[in-house]
Amino acid sequence: MMRTMKSIIFAAAAVAVSFGFTGATKAHEGIELPEQAWAQSGPMGRIDKAQAQRGFQVYKEICSNCHSLNLASYRNLKGIGFTEDQVKVIAAGVQVQDGPNDQGEMFMRPGIQSDRFVKPFANDKAARVANNGALPPDLSVMVKARHGGEDYITALLTGYAEAPAGVSVPDGKYYNKYFASGTIGMPQMLFDDSITYADGTKATALQESKDVAVFLSYIAEPTQDERKALGIKVILFLIVFSGLMYACKRQLWADVH
Amino acid sequence: MALYPSKFKNPLINWIDARLPIFTLMHHEYIEFQMPRNVNYLWAFGAIGMLLLMTMIATGIMLAMQYTPNTLLAFDSVEHIMRDVNYGWLLRYMHANAGAFFFLAIYVHIFRGLYYGSYQKPRELIWILGVLIYLLMMATGFLGYVLPWGQMSFWAATVITNLFSAFPVVGDPIVTWLWGGFSVDNPTLNRFFALHYLMPFVLLGVVLLHLSALHITGSNNPLGIEIKGPQDSVPFHPYVTIKDLFAFSVYLILFSVFLFFMPNYMGHPDNYIPANALVTPSHIVPEWYFLPWYAILRAIPDKLGGTVMMFAAVLVLVVLPWLDTSKVKSLVFKPVSRLFFWVFAADCILLGFCGANPPDGIWVVAARLGTIYYFAYFLVALPLLGKFERPRPRPASIAEAILKGGGSVHAHAATAQPMEKA
Ligand code: HEM
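Quick note, the sequences are listed as chains A and B, same order.
Every letter in the first sequence is one number past the one before it in this note's numbering, and letter 257, counting from 1, is 257.
Every letter in the second sequence is one number past the one before it in this note's numbering, and letter 342, counting from 1, is 342.
Think of the hints as simulated: they come from the structure by calculation, not from any bench.
Heads up, some of the hints might be wrong.
To give an idea of the chain B side of the interface with chain A (calculated C-beta under 10 angstroms), a few residues [claimed, not checked]: (1) His80; (2) Gly150; (3) Ile242.
Residues of chain A clear of chain B, computed beta-carbon distances all greater than 10 angstroms [said to hold, decoys possible]: (4) Asn76; (5) Asp85; (6) Gly93; (7) Val96; (8) Glu105; (9) Val118; (10) Val129; (11) Met189; (12) Ala203; (13) Thr204; (14) Val234.
Since this is a predicted model, take the numbers as computed values, not measurements.
Glycine included, each C-beta is placed from N, C-alpha and C at the ideal position.
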């Protein structure tokens, strides 16, 4: 009787918890996100550096026109396989405001590794004016800030379609079923061959979206691979330690029971 | 000028101990202290709670060295810790996840107490101090959640502080006073940081009282029968220390799985969006360990009523030792009460789900039924069950139960038919 009672409660809890899991892949009420295969998912998963580099190319050529990446520095690019020299060249490709100098004036200079990514607009107001009143959010932690993470980014970037009958799309808005309100202020940005990849990968819209999602995943948490690698060591240690403690406990208690 | 007659051989220790007998105290409390020999692994959760409290304090102090309690800087300073501080990501994720695992351990600890009647005479004060610890934990957890200054931080702070506005006349002035202004803003964040730093040390103080009281009565055990002689107990060290070490290690494995592989699983994505007073999240939810209380709050259609019921739901635990009229502690001997207990446990989980879901349709009905059962369990079931349920026969002592039960500590086998095995 008690046994069955307990197993029912545990089963209920287990079902409930797995509901919680599936809930995580929904963008918002009722809309299921297509799930992609990600090299970085799971404890053994690691960021695919070549893919993240392609994603950086997408960000740099397209997204960076509207979206800032305020929390990331150019040096972070070393974590996806760019060499020190490559990063220096990338950083030097932007102009950064510095100062004031001895004359009390601000001046522009080429970027260095420790600079944060430069932002496209001076402030939020300027960003809104350029985008029909919509504010392009900072993308630094975007992957962590939405249910579904990388899957959501990919779905959103490829989710543009003709609005179904009955849905009115205001001027300057676009229909996108994965966006919470259904109409988004960002036009479709990624099409087949929007990018010419340096490594020769075929640039379909889906490929570009996935690549930029991987790059943003890395930027959202540059230490994620390190975290998982440390986790495996810690858990292996704890398993061995638990075994030892259990053996000691058994031996000690042998004459007590 | 008499000194305390210390028994320690080491001259330095002896010299100190004779003047300040802390070594004798520790020896008495953690080496010779007698534990019932039949305690099971549920008795490790108090110590696990202690381990996590220490973890919270250690990681918290290190985080505070880098964190900035200013509305313009707080969010970025947390990200600075995650990105630029050596192993800052580890500190921050440890603090966030250990908080949840602290609550988990204490929930097991509390339900252990409910099941084995550990709150009954003579342990009423241990229990009441425990409830105080739990209240302090809730306050600390809530204050800490506000610090990263994400959307959930800001809106949780707004919703929870606003509860006080439900009280007539004094309500609004109290809220303004709590905020230090006319909305949740920089002064609020500043004081929340100061209090979040302070509370754990108050908590630590109450834990010490909790333990002082425990060391007068000694620990309860699965049979709920007091120790009657040396054959019933084992010294704390090495028997319980080794058992606790094993329990720590297993608990830490579970903790590590979350910490290293899904550190944000128990968090909410909206808290990675910087706080914005102009945008209300579509669905404001507290951390999972507050969900049952949140469900009770929203089950009552009236704001004042909900607030009062929510506080009452926690405070009813204070008088529990007097609500339970049974003379027998452990539910092992009370099958009917046991059934009510497991329904109560399920009810708390159900309330958790009600708290996680939007308050409409079936969830409102479930939350109301859940709230009724919650209070009925304490206010109706326990007083009546104690009077009317006839407990099964109990063994004369812990040692007898163990010897006659064929070596197993498992109380069911040992005591269900004490006559047959005799
Ligand atoms: C910071 C949180 C807490 C810590 C560190 C803590 C620590 C401990 C420890 C180490 C013990 C002795 C080992 C054991 O029996 O488990 C204990 C016993 C006890 N605790 Fe706690 N505790 C905490 C919170 C609570 C709470 C919230 C409650 C109940 C509302 C509670 C109720 C009890 C009771 C009744 C006992 C005596 C239990 C027995 O011997 O059966 N404790 N506590």
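Here is how each hint holds up against the structure:
At its closest, the beta carbon of histidine 80/B sits 8 angstroms from a beta carbon of chain A; the interface hint therefore holds under the 10 angstroms criterion. A least Cβ separation of about 8 angstroms between glycine 150/B and chain A falls short of the 10 angstroms threshold, and the interface hint therefore holds. Interface hint status for isoleucine 242/B: upheld, as the beta-carbon distance to the closest one in chain A is roughly 5 angstroms, under 10 angstroms. Not every C-beta of chain B lies more than 10 angstroms from that of asparagine 76/A, the closest at about 8 angstroms, which undercuts listing it as non-interface.
At the 10 angstroms boundary, the C-beta of aspartate 85/A stays outside the reach of chain B, the nearest C-beta of that chain being 23 angstroms off. For glycine 93/A, the shortest C-beta to C-beta distance to chain B comes to about 22 angstroms, beyond the 10 angstroms cut-off, and the non-interface label holds. Annotated as non-interface, valine 96/A keeps its C-beta farther than 10 angstroms from every C-beta of chain B; the closest such distance is 18 angstroms. Remark: the non-interface label on glutamate 105/A is consistent with the geometry, its nearest Cβ contact in chain B lying 26 angstroms away (cut-off 10 angstroms).
Distance to chain B confirms valine 118/A as a non-interface residue, since its nearest Cβ pair spans about 17 angstroms, more than 10 angstroms. The Cβ of valine 129/A lies farther than 10 angstroms from every Cβ of chain B, with a closest approach of about 18 angstroms, so its non-interface assignment holds. In this structure methionine 189/A is separated from chain B by more than 10 angstroms, as the shortest Cβ-Cβ distance comes to about 21 angstroms. Alanine 203/A, annotated as away from the interface, keeps every beta carbon of chain B farther than 10 angstroms; the closest lies near 29 angstroms.
Non-interface status of threonine 204/A relative to chain B is upheld: no Cβ of that chain comes within 10 angstroms, the nearest being about 28 angstroms off. At the 10 angstroms boundary, the C-beta of valine 234/A falls inside the reach of chain B, the nearest C-beta of that chain being 5 angstroms off.
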